[in-house]
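Enquirer: Each protein sequence line maps, in turn, to chains C and W.
Going by the working numbering, the first residue of the first sequence is number 3, and it counts up by one from there.
Going by the working numbering, the first residue of the second sequence is number 96, and it counts up by one from there.
In case anyone wonders, no lab produced these hints; they're calculated from the structure.
It is possible that part of the hints are untrue.
As the list claims (entries may be wrong) - Cut-off 20 Å, straight-line C-alpha distance, at most; resulting in silico cross-link-like pairs (PhoX-like, lysine-lysine):
no. : chain 1 : residue 1 : chain 2 : residue 2
1   : W       : K539      : W       : K567
2   : C       : K531      : W       : K622
3   : C       : K533      : C       : K281
4   : W       : K469      : C       : K533
5   : W       : K469      : W       : K597
6   : C       : K531      : C       : K281
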Amino acid sequence: MSARFWILDVVFFALLVAIAIPFGRFLTRVFAGENRASQRALGWLERGIYRVAGVDPAKEHSWTAYAGLMLLFSLVTQLVTHVLLRYQHKLPFNPTKLDAVPPWLAYNTATSFTTNTNWQSYGGETTMSYLSQAVALTSHNFFSAGVGVCVAVALIRGLARAESPTIGNFWVDLVRVHLYVLLPLCLGYAVFLVSQGVIQTWQGPATWTALDGTQQWILRGPVASQEAIKMLGTNGGGYFNANSAHPFENPTPLSNFVQMLSIWAIPAALCVTLGDMMKSRGHGRAVFGAMAFLGVVGILVLGYFESKGTPLLANAGADLGTLGHPGGNMEGKELRFGIADSALFATVTTGASCGAVNAMHDSFTPLGGLVPMFNMQLGEVVFGGVGAGMYGILVYVILAVFLAGLMVGRTPEYLGKKIDSRDVRFAALYALIPAFSILIFTALGLMTEAGRSGIANAGPDGAPVPHGFSEVLYAFSSGTANNGSAFAGLTAYSPQHPIFYSLTLGLAMFVGRFPLIIAALAIAGNMAKKKRVPVGPGSFPVEGGLFVGLLVGTVVLVGALTFFPALAIGPLVEHVMMHR
Amino acid sequence: MGEGGSRRVSKHSVRKQHSMWDPAIVRPAIVESFKKLDPRAMAKNPVMFVVEAGSLLVTVLFVRDVVTGHAVGVKFAVQVIAWLWFTVIFANFAEAMAEGRGKAQADTLRKMRTTTTARRIRRTDDETPLKVGALPEGVGGGEEVAATELRKGDVVWVAAGDMIPADGEILEGIASVDESAITGESAPVVREAGGDRSAVTGGTRVLSDWVKIEIRQDPGTGFIDRMIALVEGSSRQKTPNEIALTILLSALTLIFLVAVATLEPYARFFHGSLGVMALVALLVCLIPTTIGGLLSAIGIAGMDRLVQHNVLATSGRAVEAAGDIDVLMLDKTGTITFGNRQAFQFLPVSGVDEAELARVAALSSLADETPEGKSIVVLAAQRAIAPALPEGATFVPFTARTRMSGIDSAAGHMLRKGASDMVIAHVRAKGGPVPADLQAIVAKVAGEGGTPLVVADGAKILGVVYLKDTVKPGMRERFARMRAMGIKTVMITGDNPLTAKKIAEEAGVDDFLAEATPEAKLAYIHKMQEGGRLVAMTGDGTNDAPALARADVGVAMNTGTQAAKEAGNMVDLDSDPTKLIEVVEIGKQLLMTRGSLTTFSIANDVAKYFSILPAMFTGILAFQAVQGQPRSSAFWALNVMRLGSPSSAILSAVIFNALVIVALIPLALRGVKYRPLGAGVLLRRNLLVYGLGGVVAPFVAIKAIDLLVNVLHLA
């Protein structure tokens with residue numbers, strides 16, 4: 003692996019830590035309503051919103067009310083988006099005169115953006131009007147990210163509080179995360195992206211005459227405004243079909259670097275917030291450490307196999323002599339990013355539930371491609387989606403503490419909160435639902451003609467090959483984990499088969515989002531009610547290297563035990579066959 | 096209360112310890128493990144239920160194939176099916192073993208309940224007042240009823256030689272009672288109406304005198320009955336942690352069920368099929384059968400260990416709670432200290448010889464049977480002063496009014512020792528002077544936590560005997576052990592704060608509650624619980640009952656009152672208050688054993704995957720046969736253990752999975768070794784042994800079994 007690879011990754015993690023600490027502290031203050039400086043600037047607006055909406059900011063919600071409002075907010079906004087997509091041809095800001103989005107695609111897309119998945123069964127620039135992109139979809143980029151952060155904060159509150167019937171006010175959390183965090187940051191971020199060459203315009207396509215005299219249309223639109231929240235909110239739904247590989251979305255190595263940082267910025271900062279709110283900075287550090295460890299291993303594996311290339315490339319006479327840039331497996335990668343930037347991007351985007359891509363994951367080596375897939379199957383806890391990664395890892399923490407907690411001879415307790423059967427039930431559900439969704443939907447995809455028709459890769463005689471299997475497995479892993487990236491060989495929407503993947507992926511995205519959020523909030527509510535036991539020498543330690551190891555072990559073991567057979571049939575066997 | 100509570104520590108127990116593989120227990124357990132195959136019984140254990148269902152499925156399919164003549168690979172199939180059934184039976188065997196050991200104890204307990212008859216002198220619904228006094232033997236002694244017919248509230252009359260028919264409280268009379276049947280202590284104990292020694296237990300025998308007893312338990316609900324039910328496992332309810340763990344294990348089972356079931360459609364995608372046999376084998380190996388099979392055995396064995404320590408618990412929940420204890424409240428007297436104040440020093444006033452003081456103090460105590468009095472004589476003897484009781488002297492005992500004791504010589508000369516104010520008043524009345532330095536000496540002794548006894552010879556005050564409460568040897572070490580476990584020890588005493596502080600320091604407890612009234616104890620427990628702490632306490636008196644009931648773990652002494660026993664959730668038959676330490680350790684051991692075996696069980700799956708998956712997929716994605724080389728599959732390349740053949744790989748994994756249950760039965764019954772260390776150290780140690788060990792061990796074991804299977808040509 004090249005020197006660029008090592009330098010890039012070290013600088014990346016150093017900057018991530020440097021950003022996470024002050025940002026996390028700021029988030030703590032925002033959700034406690036103690037962000038005095040920003041309140042001086044925008045407090046009038048916050049109070050105005052409450053007054054107009056008739057929200058009493060002092061009144062807190064029980065976990066059921068919090069979950070109900072979250073669900074109501076999400077589903078109503080999903081419906082609005084659905085309607086906007088279906089009627090975009092009758093609405094303004096449609097310079098390329100695009101037709102209505104077909105019904106199943108509209109359903110799939112609305113679900114996709116509401117659940118922070120941003121799976122795209124369409125090419126953005128040729129399907130969505132400017133209005134659909136900038137309003138119907140971008141608004142969800144904000145909302146779904148905001149909801150994720152709210153849930154994470156509500157869960158942390160539940161853990162941090164004692165003997166409280168409530169876990170916060172959903173509306174207040176939602177307004178604050180938008181007003182003080184997402185909107186101001188995205189404003190600056192979009193301006194930065196424009197400086198790098200990302201476009202932002204309401205004008206229709208540009209036309210120019212090519213050297214051979216043909217007229218070309220160059221599609222464009224309000225890209226920068228969507229791009230900023232696409233990364234910061236770990237949405238990942240690109241304006242263009244090529245996503246962050248497109249020069250109008252991600253023009254330079256610098257924009258690429260900042261995009262990667264911005265994906266992990268909020269999830270990493272939430273680790274700091276966790277430490278602050280629970281008054282145990284060591285615990286926040288440990289959770290960060292576990293996430294970072296999993297991320298580093300992913301980057302190393304992915305980087306190694308992509309740098310090494312494949313026997314097929316070697317046989318074709320490609321230069322693999324240098325394990326550096328641009329040697330190795332350059333298929334499906336942008337020359338301006340190369341292997342180092344693509345490997346890091348792929349790990350970051352699948353570790354978080356972002357799903358933006360700057361390279362074709364379908365073209366990765368088998369074991370290189372296994373990394374993004376496994377990241378998603380772990381439930382997006384390698385920093386994870388904004389908020390989603392935090393509540394996901396906290397559920398793993400509860401499982402780890404419960405299991406190992408028994409081994410110290412006490413009823414397992416997590417920072418002074420005893421873990422009872424109700425917590426275990428919801429944590430188990432949290433682990434169960436995605437496993438069911440990924441494995442069963444994949445089986446459905448393989449068993450039905452409609453499912454198999456989408457698969458791109460087959461053997462010379464049309465025989466099924468492991469990579470074809472991986473495409474389907476990847477799709478449902480991505481949908482369920484609310485990631486949104488794809489082994490793009492899979493055709494998830496075609497006029498011949500409009501329903502199968504639209505429906506199944508739509509369901510996968512739904513069950514991978516809302517039932518899990520409800521489980522997380524149920525744990526929050528149950529934990530908030532409990533008394534706090536003072537932490538002493540007999541208490542289970544949730545900081546330090548031992549705990550990091552335990553947490554990493556639990557995450558990997560649960561993920562590996564669930565998905566090892568599927569991964570063996572897909573990438574592992576593909577690797578064996580390729581190297582035979 | 097508990098001041099002066101008995102501290103008999105029985106060195107032997109009636110409950111004999113059974114060796115691990117005692118044939119008397121193993122033989123019925125084998126029978127029992129087949130009886131437990133009844134699916135209605137299995138349904139209580141989701142993990143093992145799945146194993147049984149899977150075993151049944153492959154058996155039925157195999158029989159069908161044999162009948163229709165389609166059976167292939169019969170030798171392999173029969174072995175796999177047999178081992179799948181062994182998995183269920185071994186798990187049942189573990190439970191039956193634990194229950195068998197419990198039953199053996201229950202039988203011992205049951206022997207105490209031999210059918211006795213009782214003489215009922217008043218029914219529970221009878222309103223007529225009870226006649227006071229002894230009943231004439233045999234005449235008008237109430238009605239003769241079987242002990243089992245007695246109801247709560249009935250009053251019975253028990254005379255010397257009779258068995259006490261049921262648990263109850265003495266209303267009238269005093270008797271010496273042989274309680275060896277339940278305590279193992281052969282010396283009889285005195286039981287009397289009123290006070291803290293009024294409770295009697297069914298199955299014990301009155302040796303002398305008579306008592307009237309009000310029955311406090313309906314038949315079948317007495318302490319022994321409840322205990323029998325618990326150790327037999329019949330009425331064992333799952334504890335909170337066990338419920339939570341069962342949920343987790345069920346969830347894991349469901350995940351593996353789906354992970355395995357979806358393999359068939361995945362294989363069909365590649366135009367292959369895996370077969371039910373291989374799928375069931377993989378499923379059984381993956382689901383947590385090790386812990387699933389041993390879970391109930393662990394719980395029963397924990398109860399069993401408690402009984403071996405002569406402690407009866409009313410529920411498994413209480414045992415589990417003991418492991419969580421943060422605060423332990425112990426009575427000072429009788430528990431931490433010897434409970435009686437012992438003479439420590441003679442402190443003469445100026446102008447008096449120490450030997451003279453010692454002589455008079457000893458003289459005044461010669462007839463004094465109290466421990467204090469005896470210790471004065473002993474201390475004097477150590478100074479070679481052993482006066483003889485003068486002829487004709489009469490003993491003046493201590494009374495609450497005079498608060499002095501001593502002797503009057505035949506000539507009327509008074510020797511007195513007692514509370515300083517009383518002795519001073521006594522001397523003044525005789526016109527004697529009060530020495531100038533007396534108050535200083537008295538204040539010094541009291542300040543050090545001791546009790547000053549002023550000694551007077553006639554009208555002359557000689558000095559002070561310094562009585563000191565002595566901390567039992569070994570207490571410091573025990574409290575240090577508790578501290579290492581993260582448990583705070585609190586000493587309860589009626590002493591003033593100054594005295595309490597001194598003894599607390601000497602004994603090494605973390606905190607003390609001085610001048611403790613029942614209300615103060617209750618308030619202290621409440622305060623601790625408000626802060627989220629779990630409190631354990633020991634007690635024996637009726638006025639301990641509210642606190643015992645309030646505490647999360649209340650251990651009543653068997654010598655205590657019925658009220659105390661009913662309020663607590665455990666009874667210590669040896670009435671040894673420090674036994675709480677062992678109870679806490681047993682509770683912790685119980686949780687640790689469950690956690691460790693769960694971790695081990697799950698960690699095992701890694702090796703099982705690597706042995707079965709490559710084997711079951713060999714028919715799929717087969718490479719083109721290369722000339723001169725056997726046909727091979729891409730999947731067989733994942734056979735990292737280099738097991739002999741696909742069938743030996745599957746068989747070895749299934750055999751390992753079944754045998755590991757048997758191999759771990761001793762650990763489940765004995766429990767994981769507990770050491771009083773901090774949580775971090777314990778976690779590190781157990782994670783290493785059961786987590787890492789759980790990953791590595793099956794790789795080695797399955798490889799070894801596979802070698803054997805191939806050597807013996809079993810597959």
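Enquirer: Determine for every hint whether it applies to the structure shown.
Expert: Checked hints:
no., hint, in the structure
1, W:K539 - W:K567, "24 Å, violated"
2, C:K531 - W:K622, "19 Å, holds"
3, C:K533 - C:K281, "16 Å, holds"
4, W:K469 - C:K533, "51 Å, violated"
5, W:K469 - W:K597, "24 Å, violated"
6, C:K531 - C:K281, "18 Å, holds"
Comparing the model with each earlier hint shows violations of hints 1, 4 and 5; every other hint is respected.
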